[in-house]
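Undergrad: Given next are the chains, with one letter for each unit.
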Amino acid sequence: MPTTENTLDEILNLAAIHFKVPREKLSPDEDFFKALGIDSLQTLDLLTKLENHFHVELPDYELQGVSDFRTLASKIQSRL
Amino acid sequence: MNTAQLTKRGQTMSFSVHEGVLELALNRAPCNEIGSLSLEELESFSAALQDLEPQLHAVIIHSERKSGFCAGADLRELYDRSQAMEKKAAIRGVREFLERIHRVLNAIDASALTTIAAVQGVTFGGGLELALACDLIIADKTARFAFPELRLGLIPGFGGIPRLKRDVGNAVIRDLLLTGRSFNATKAQQIGLASQVVAEGEALRAARATAAQVGKFDRLTSAAAKQFIKAIPYDELKKEIDIFCELFERPAVQAGLKKFVESTNPQPYLP
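Quick mapping for you: the protein sequence lines, in order, are chains A and B.
So the mapping is simple: our numbering equals the position in the first sequence, first residue as 1, plus 2.
So the mapping is simple: our numbering equals the position in the second sequence, first residue as 1, plus 96.
Please keep in mind that the hints were generated in silico from the structure rather than gathered at the bench.
Worth double-checking, as some hints may not be accurate.
To spell it out: a stretch of chain B is covered by chain A in this simulated footprint if at least three of its residues, at any positions, have a beta carbon under 8 angstroms from a beta carbon of chain A; those stretches are [to be verified]: (1) 257-264; (2) 335-341.
Restricting the straight-line Cα-Cα distance to at most 25 angstroms, the calculated cross-link-like pairs of lysine-lysine (PhoX-like) are [to be verified]: (3) B:K184 x A:K51; (4) A:K77 x B:K183; (5) B:K183 x B:K354; (6) B:K162 x A:K51; (7) B:K183 x A:K36; (8) B:K183 x A:K51; (9) B:K322 x B:K184.
Only a predicted model underlies this, so the values are computations on that prediction, with no experimental measurement involved.
Yeah, the Cβ is synthetic: ideal placement off N, Cα and C, and Gly gets one too.
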């Protein structure tokens, strides 16, 4: 099973590619809504991308209030 | 009507006929929210569907917006209108809107043609209800489904629960409704909601291929088969309108709508 750091790294790579943001500009503790400049519809798109990539289900309510990549990684990790 | 020349373009959607298939393309920013103008245009589509039915074999409903198939009812319009009216008039307006959209969805549901929803991205609330009126849902990998109405103190109002009950297991419906959570296309296929899952951007192509296959069969036989496998729950659909209107009277609903309309949260669909 990947470590939380591996998962975090994969999330950052995936977000950078999908939202066309330079990977080096994304940091683990950053607010991803701001860093990616995403609205509510794009947030759902990100959620779907993450679920498809990691083959997990992420109920929206578990992500309520989650805004940084590191916490997001821990939520995904708990479902791997 | 000569189907070979038929193309009708509205402000929120357009429809046209290609090789015996009536295609409805939703296109209203941001994500095909269904308000009064969309309803009028859906009614035009529904009338055309009934006129053209003898000359067609299938219907495809899809979205031209990358953001999704349809995010459901136009809650901003609903809120603004209800604020501008006296309470009883607002409830009468809501009932009239629901009865009209039910007539459209019932006509799609009861059509003798094979109806296909090709969906991507956000397919929430009324958007999911529109898809559920169709015989088949073909979803691309970006599709996301939800009934978030309970966040507003409401139940789905466009026929959602009765039609969902027809298609998927009760435990899944409870999860979907009572949590308001969304789920992806893979899950939709696992629970029997979506019949095919395809790559991003491929739902319309797959729907057209499916419609072409459907067109090889005798139309009357396909219509006869549908009578056994797609009973329309008219009594429950009527009951849904009554319950929705009763709930809509409560102050909590106005508060929920206000919160949604004024929200700047990136996840406004969550309570």
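Undergrad: Determine for every hint whether it applies to the structure shown.
TA: Now the hints, each set against the structure:
no.: 1; hint: 257-264; result: violated (count 0)
no.: 2; hint: 335-341; result: violated (count 0)
no.: 3; hint: B:K184 x A:K51; result: violated, 44 angstroms
no.: 4; hint: A:K77 x B:K183; result: violated, 44 angstroms
no.: 5; hint: B:K183 x B:K354; result: holds, 15 angstroms
no.: 6; hint: B:K162 x A:K51; result: holds, 15 angstroms
no.: 7; hint: B:K183 x A:K36; result: violated, 40 angstroms
no.: 8; hint: B:K183 x A:K51; result: violated, 43 angstroms
no.: 9; hint: B:K322 x B:K184; result: violated, 40 angstroms
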